[in-house]
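In this note's numbering, the protein residues as written are 10 to 554.
Warning: the hint list may mix true and false statements.
Claimed, not checked - Cβ-Cβ distance ranges computed for the label pairs, FRET-style:
id : residue 1 : residue 2 : range
1  : PRO298    : VAL131    : 28 to 36 Å
2  : ARG392    : GLY321    : 37 to 45 Å
3  : ARG392    : ALA201    : 46 to 54 Å
4  : ARG182    : GLN267    : 52 to 60 Å
5  : ARG237    : SER344    : 41 to 49 Å
Treat the hints as calculated values from the structure; they're not laboratory data.
Given the structure is predicted, the values throughout are model-derived calculations rather than measurements.
Note that the Cβ used here is the ideal one computed from N, Cα and C, for glycine as well.
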Amino acid sequence: MVKFGYYRRARRYRQITRIILKHGLGHLFGAVGFGKLFPFTHRKNRQIVHDSPAKRLSHALWELGPTFIKLGQFLSTRADILPEEYVRELSKLQDTVPPASREEVQKAVEKEFGRPLEEIFVSFAPDPLGSASIAQVHEARLLSGEEVVVKVRRPGVTETIAVDTAILRDIARFAEKHTTWGKVYPLTDMVAEFQRVLREECDFIIEAQHAETFRRNLTGNEAVIIPRIFWAYSKPGVLVLERIRGTKISDFDALDKQGFERRHLARLLAETVLQQMLLDGFFHGDPHPGNIYVLPGEKIAFVDFGIVGHLGPTLKEQVGWLVVGLTQKNAEIVSRIVLQMQLTSELTNPAALKRDIEILQQKYYEVPISLINLSEAFYDMLRVAYRHRLRVPAELTLMVKTLTAADGLIRQLDPGISIAEIAVPIGRKFITARFGIDALKQLFLNELPTHLYLLTRLPKQITALLESAARGELRFKQENPDLRRLAERLDKNLSKLIFGLLTVTFSVAAFLLVGKGVRFFNFLPAGETALLGAIFCLSVLLLRK
């Protein structure tokens, strides 16, 4: 673990304090429990108090530099813990800063490769295509003649982020101990999650792996392009990708002049975003217009894979069922999943929460599918979470922010589009992937060894249990006069139940596997073996009648 000098951290604390006070945000010290330590922080800067607190916070974070710009963007995904006004303002926080000099960039590249720039590239544009707080992007040409873009990490940014996140961790620990809201939300866990996100953004090898994952997931979809990674030229601080030449998806005039069909592009983008979320569980977390290009042939290309979202198996299934429930207007599914997804705190009022969920259901129940705004529906759920102090998975809030950003862009392309209608067939694919023949077959093959092991042990365990009961060694807290008769009935019927279950299990296995060429232990034909097992168990069952 990197250790930072006391003076360096103290100097950064003073800088943060000065900028916070400059923007009239001294009340934040009280919010995190520092009020008694800094009694002077209630003063306001009269020059900027005409702006809203949310806007002033956005300006302060931008001035504080890369870590805090990213913090603002991170917090803009947390509509479950921040008021809507703050989420809206922080969503506007632009990660654009003045570029580093050519000399600094060249030095950074040469440090990563250990050789001069001209030995790597035939040409390297001095002016960047774009400049952000963590990296900037330059056009270049490899010695092989291929046109590429080179993403270079800004010098010193990892050291700055390390100091700042250490300070944020200190503040989170203090707030958890000394504030009421700090006891509700796992602030140190949130800072750790934020650190992980920043660490991944600063490591371009991870970004390259993200790009490869998208390419693999979208294999077969020729309408979506993911730039090729030049692995031999990619390092943790330098990423070299295929140069994508296209039109920004938000440049509507250029799209019209080139004859692109905006309605088709809107549908393609919606289908791709929904596929990433509902079927792949791995989605582009920053789909702003600068990261999506339109190419000849009505194709779209995604770039910049530093921010991605990953829905684990449980969360992915919950999101899928939630979309199915919304598009089918099934209030029972929506209610059940919303309660499953969110972790209540000690401040949650279950009755009030249930009432708000019912109100939310009614809002969408009578609305035609074509008029349901899917991103707004998810946002409404986050508003309920904020109102009731519910803890929502960070990846879910990132998904909602991503869906909202994509939804705005899609509606600009085609104001009449309905993402909810597009989600219906994708929801069917989700159900098929969950309960189709192939999915059930795979589930059966995965679970069969475990269940066979348990079933082989079950008769011995039941026999031991009944013998203990016969010897009077079982003890019950409450006596039941019918216990003896119940035990006799259990002894008589338990074997029937076991063989009945085995019959059903082997029958399903036989139905799925006969003629498929699947083998147990590389030599037993699975389908035929299961069929014989079903016949044997059924015979035993019939004889015992």
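Hint check:
The hinted range of 28 to 36 Å is satisfied by PRO298 and VAL131, whose Cβ atoms lie roughly 31 Å apart. Between ARG392 and GLY321 the Cβ separation comes to about 24 Å, which falls outside the hinted range of 37 to 45 Å. Look at ARG392 against ALA201: about 26 Å separates their beta carbons, and that is not inside 46 to 54 Å. Distance hint check: the CB atoms of ARG182 and GLN267 are about 55 Å apart, consistent with the given range 52 to 60 Å.
About 45 Å separates the C-beta atoms of ARG237 and SER344, a value consistent with the hinted range of 41 to 49 Å.
When held up to the earlier numbered hints, the structure conflicts with 2 and 3 and fits the remainder.
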